[in-house]
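There are 2 protein chains.
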Amino acid sequence: MRSHYCGQVSEALLGQDVQLCGWAHRRRDHGGVIFIDLRDREGLVQVVIDPDTAEAFAAAERVRSEFVLRVSGRVRPRPEGTENPNLVSGKIEVLGRALEILNRAETPPFQMDEEEISEEIRLRYRYLDLRRPVMQERLRLRARVISYFRRYLDAQGFMDIETPMLTKATPEGARDYLVPSRTHAGSFFALPQSPQLFKQLLMMAGFDRYYQVVRCFRDEDLRADRQPEFTQLDIETSFLDENDITGLMETMIRGVFAEVLGVQLPDPFPRLPYAEAMGRYGSDKPDLRIPMELTELTEVMKGESFKVFSEAANAPRGRVAALKVPGGGERLSRKQIDDYTAFVARYGARGLAYIKVNAVAQGREGLQSPIVKNLSDAALAAIIERTGAVDGDLVFFGADRRKIVDDALGALRLKVGQDLGLVQGDWAPLWVVDFPMFEWDEGENRWMAMHHPFTSPRDGLESVRDNPEAAVARAYDMVLNGTEIGGGSIRIFRPEMQTEVFKLLGIDEEQARAKFGFLLDALKFGCPPHGGLAFGLDRLVMLMAGAKSIRDVMAFPKTQTAACLLTQAPAEVTEAQLRELNIRLRRTP
Amino acid sequence: MRSHYCGQVSEALLGQDVQLCGWAHRRRDHGGVIFIDLRDREGLVQVVIDPDTAEAFAAAERVRSEFVLRVSGRVRPRPEGTENPNLVSGKIEVLGRALEILNRAETPPFQMDEEEISEEIRLRYRYLDLRRPVMQERLRLRARVISYFRRYLDAQGFMDIETPMLTKATPEGARDYLVPSRTHAGSFFALPQSPQLFKQLLMMAGFDRYYQVVRCFRDEDLRADRQPEFTQLDIETSFLDENDITGLMETMIRGVFAEVLGVQLPDPFPRLPYAEAMGRYGSDKPDLRIPMELTELTEVMKGESFKVFSEAANAPRGRVAALKVPGGGERLSRKQIDDYTAFVARYGARGLAYIKVNAVAQGREGLQSPIVKNLSDAALAAIIERTGAVDGDLVFFGADRRKIVDDALGALRLKVGQDLGLVQGDWAPLWVVDFPMFEWDEGENRWMAMHHPFTSPRDGLESVRDNPEAAVARAYDMVLNGTEIGGGSIRIFRPEMQTEVFKLLGIDEEQARAKFGFLLDALKFGCPPHGGLAFGLDRLVMLMAGAKSIRDVMAFPKTQTAACLLTQAPAEVTEAQLRELNIRLRRTP
Chain X
0 MRSHYCGQVS EALLGQDVQL CGWAHRRRDH GGVIFIDLRD REGLVQVVID PDTAEAFAAA
60 ERVRSEFVLR VSGRVRPRPE GTENPNLVSG KIEVLGRALE ILNRAETPPF QMDEEEISEE
120 IRLRYRYLDL RRPVMQERLR LRARVISYFR RYLDAQGFMD IETPMLTKAT PEGARDYLVP
180 SRTHAGSFFA LPQSPQLFKQ LLMMAGFDRY YQVVRCFRDE DLRADRQPEF TQLDIETSFL
240 DENDITGLME TMIRGVFAEV LGVQLPDPFP RLPYAEAMGR YGSDKPDLRI PMELTELTEV
300 MKGESFKVFS EAANAPRGRV AALKVPGGGE RLSRKQIDDY TAFVARYGAR GLAYIKVNAV
360 AQGREGLQSP IVKNLSDAAL AAIIERTGAV DGDLVFFGAD RRKIVDDALG ALRLKVGQDL
420 GLVQGDWAPL WVVDFPMFEW DEGENRWMAM HHPFTSPRDG LESVRDNPEA AVARAYDMVL
480 NGTEIGGGSI RIFRPEMQTE VFKLLGIDEE QARAKFGFLL DALKFGCPPH GGLAFGLDRL
540 VMLMAGAKSI RDVMAFPKTQ TAACLLTQAP AEVTEAQLRE LNIRLRRTP
Chain Y
0 MRSHYCGQVS EALLGQDVQL CGWAHRRRDH GGVIFIDLRD REGLVQVVID PDTAEAFAAA
60 ERVRSEFVLR VSGRVRPRPE GTENPNLVSG KIEVLGRALE ILNRAETPPF QMDEEEISEE
120 IRLRYRYLDL RRPVMQERLR LRARVISYFR RYLDAQGFMD IETPMLTKAT PEGARDYLVP
180 SRTHAGSFFA LPQSPQLFKQ LLMMAGFDRY YQVVRCFRDE DLRADRQPEF TQLDIETSFL
240 DENDITGLME TMIRGVFAEV LGVQLPDPFP RLPYAEAMGR YGSDKPDLRI PMELTELTEV
300 MKGESFKVFS EAANAPRGRV AALKVPGGGE RLSRKQIDDY TAFVARYGAR GLAYIKVNAV
360 AQGREGLQSP IVKNLSDAAL AAIIERTGAV DGDLVFFGAD RRKIVDDALG ALRLKVGQDL
420 GLVQGDWAPL WVVDFPMFEW DEGENRWMAM HHPFTSPRDG LESVRDNPEA AVARAYDMVL
480 NGTEIGGGSI RIFRPEMQTE VFKLLGIDEE QARAKFGFLL DALKFGCPPH GGLAFGLDRL
540 VMLMAGAKSI RDVMAFPKTQ TAACLLTQAP AEVTEAQLRE LNIRLRRTP
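First to last, the protein sequences are chains X and Y. Going left to right, the first sequence walks through residues 0 to 588 as numbering that gives the first Met the number 0 numbers them. Going left to right, the second sequence walks through residues 0 to 588 as numbering that gives the first Met the number 0 numbers them.
Hints may be right or wrong, so weigh each one.
[Claimed, not checked] Here are the simulated DMTMM-like cross-link-like pairs (lysine to aspartate or glutamate), alpha carbons at most 20 Å apart as the crow flies:
| id | chain 1 | residue 1 | chain 2 | residue 2 |
| --- | --- | --- | --- | --- |
| 1 | Y | K402 | Y | E438 |
| 2 | Y | K523 | X | E99 |
| 3 | X | K547 | X | D286 |
| 4 | Y | K523 | X | E105 |
| 5 | X | K523 | Y | E105 |
| 6 | Y | K90 | Y | D16 |
| 7 | X | K502 | X | D520 |
| 8 | Y | K334 | Y | E310 |
| 9 | X | K402 | X | E441 |
| 10 | Y | K372 | Y | E303 |
| 11 | X | K523 | Y | E99 |
| 12 | Y | K306 | Y | D338 |
Because the hints were derived from the structure by calculation, they are not lab data.
Same shape as in the complex, but just chain X (with noise of 0.2 Å):
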């Protein structure tokens, strides 16, 4: 039905017949003329009819916009002050021979080339909003992504091998989503919320290197930059370690900016062990981009007698730190410092001591803050020394619990750095690495894993059992631009270290059989050493797109209003089939 796409219609086929079809995204009469820009998913192309073709003309006065139509004509050279240098077809129109509607279109609820339309709106509309330049742009950026990763991955001997949907349901997983089994009354499968144990297996089964593009599921509430089913880009490889691994994903990255957006990363990736990434970020996914850094001061305030600080200081969980904002005492009002006191609070932590730096030569005279009374000269002088402040800066302190601290200033340290404009360069990936086999669960008094209960410790089986505390896990996180893009580790691999590791996070044997039972009998016969990792490859795809949430690269999202998305939003099902299913509604009470 075309020659060519719309989009594509340039210079070189001055002269040439070419039959285009596309959407109507503008009309205008002009001097007894008909101009349309026709549209398709390359771009636009203005086609002109005049009144000497009678019946195209006729047509075409029949056409609105979104109509979508199938033009003949010969291509020409604009008039001379009528280019349109923004256009690949800039420089030519199409002067049309026949025009045929092949379908109507009601009024669109707003035009293509709009863009502040309610989300509501482009969702209800999902079809329309779609056709729209800029979320076509987002979508075959993410379809040449997911297309770099499988090319990398096929030259890399990587086997794309598909696992299952319908999985086992371990009775604690109460956020998987549940299906009903019709065959196995009572009986419920899980969608996987990771093909985890399936990507061991196969390095069990001896694929050496797997990777696959999988739908994940996690039955959470919504936010901007999660939906309950997600894309992930899973890898699992045999006989590799860390360093192998890390290496092949951090190349695959740099190559897929490389082609993808025409950007280099860094070779290599810089690679922060996870105390080192809190201590001078309080964050294990550091936006490198910001150019300041927590200053460590818990032993300086060991010995003073402001309490806020020495309690924080010689508390066995404790940590006291500062953030020097350079300029912020001239940049940040006393309003701004009570927002941040407010936005810290969030965190848990309960204030935001501030010191404005105004002359340092002055000495305590020159610092203006409430607490500068209660802290004695040694003190000032090393916060001073360490934060290596000067007049016109700003130094916050966090002093509590060191997971408030690092919680409240690592994320403190983000807001202040886009509030005042600081990021500096477009990407800054790194390998956040060492982190801790396992985290304490004060709520629920007992060790988790921070990881995964799969996580290889670094060190043998007495590291864990004797002081799970220190032992440090071989997992590794990509981190891009202050966002977890993938994350992974060696996994263990031998049934006495999976057994000890579960008995430390209190999974006792008849437990781990009924929930990793066909694991646990796996590792038994001869399964290698492997390891891997996931992308989340709609937060990638966002950052690399520069969209707001996850939900613009995704064709059709999920969203808080079900009447969004008809063909998406749960609904009420027959008797009959709840009787299939065994399964019948609670009332409500």
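Following the hints, put chain Y in place on chain X, whose structure we already have.
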């Protein structure tokens, strides 16, 4: 950890040091020396450990089947007379210098080169079953096939776009898998049986060419060629007609056969109208490798006095047809004919009349059959002439409602063809086209869509309204060796036509809105002409791999015995989980 895969160590590496990782496929002690066949996904290599390397020798003595090993050594020629021409590495061996046992293995339930293993055992130890070279090859073939499709479609401008897995349940979709919603009490998502609606919406969104390798779900009972979750290569295009689409697709299929199997398929594929396929083969997915066809006898038998034939011939939807079996008079025993009679009874045939052609020249006397006496000379002559039967042949007859005759003789044709070894050639692809739009459902007493309700009729709205029985669909199936491997259609793209077809199918406006409102709305805003198809990847790969069951081309299939696959069986969940999902179990009556 390694320098080469085991299966890639060849004479090219003679004299070089290699590091290998893999599994101990077999260990033999011979003349004071230990031989280990080391296996990885690329193949086997023979490792020799002699007592000179005491440490390695001591380790080698502890090696058992399926231990995971790391070996360093030097590649040397095998002693003359011990070469193995079946291996890439058959002319060399590796003299091991160091051998490390990376992991132990319990005695496996079967050897990796065993061939006769029960499927129950294979599935219970799937991680071991998948280590077997035959399964490695099948899954590798699957990955290569999918990779080819992606590369072909990418090159043709198709965009890989993901569609949702959690979609809207429709009240009639009794065999959808349903997923209770936690946040919308009493509502359920459905897992998609295909992304049909979404891909049509993507065309309305202007993406022009879409594809996706996508998991689909059907809650049906298990069979050798059916799994509750299966994979489709799903495709949709805009502004192309059926010739464009089938042309693109058969080029793709020819390409994958050439690249992956080195097989040249015909160009172009034969195209068979549905009516002709049913007439000549009694099937809309004929296996053209079997050189037998049905012979039409309906007209001939209308005037006969033999009621079995004449009543069927005169009934409005009746048919009389013959299947000539070349040489069948000599090769088929009475017992076999009886078995075939029982066989066609499964398809509703109330008997299986036949004539043994002993001597054509003798006329009526040369024909041996209980029915010869009931047929006129003219009928007998017509049978001989039309079937082209010669001495030694056997002719089977079907006379009943057309559907029964087609099903019975169609199936008999396949069975006799296989039993007598008449199958010719390896690959016989074709297109079946010009399907009817509708078929009459006797049970429900209404018209059903033969393909699906979005399929476009060939002719206008009136053709559907006035004579639905004769309406021809713009649908096409790709058939390979008697299996439908793909199918699709040009879709309805105008709202009036869609409404008309819904009406004919007994879907009133309210139901249409409830089920397909999103589609009907979208059709109003400039829907382009579009069409596509879907390939059943599991079946296609099964055929290409020469496997008997689709389970053999899936890493983790479902099975009848839940115990076989602990990672995939449905399981009981807790009361708390059920409560959160607003459902309860129905007590068994």
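Hint-by-hint comparison with the structure:
1. Y:K402 to Y:E438: 11 Å, holds
2. Y:K523 to X:E99: The given pair, whose Cα atoms are some 17 Å apart, holds under the 20 Å limit.
3. X:K547 to X:D286: Holds, at roughly 17 Å.
4. Y:K523 to X:E105: At roughly 6 Å apart (the allowed maximum being 20 Å), E105 of chain X and K523 of chain Y satisfy the hint.
5. X:K523 to Y:E105: 6 Å, holds
6. Y:K90 to Y:D16: 16 Å, holds
7. X:K502 to X:D520: Judged against 20 Å, a Cα distance of about 17 Å means the pair holds.
8. Y:K334 to Y:E310: Distance of about 29 Å is beyond 20 Å: violated.
9. X:K402 to X:E441: 12 Å, holds
10. Y:K372 to Y:E303: 12 Å, holds
11. X:K523 to Y:E99: It holds: about 17 Å lies between the C-alpha atoms, which stays within 20 Å.
12. Y:K306 to Y:D338: 24 Å, violated
When held up to the earlier numbered hints, the structure conflicts with 8 and 12 and fits the remainder.
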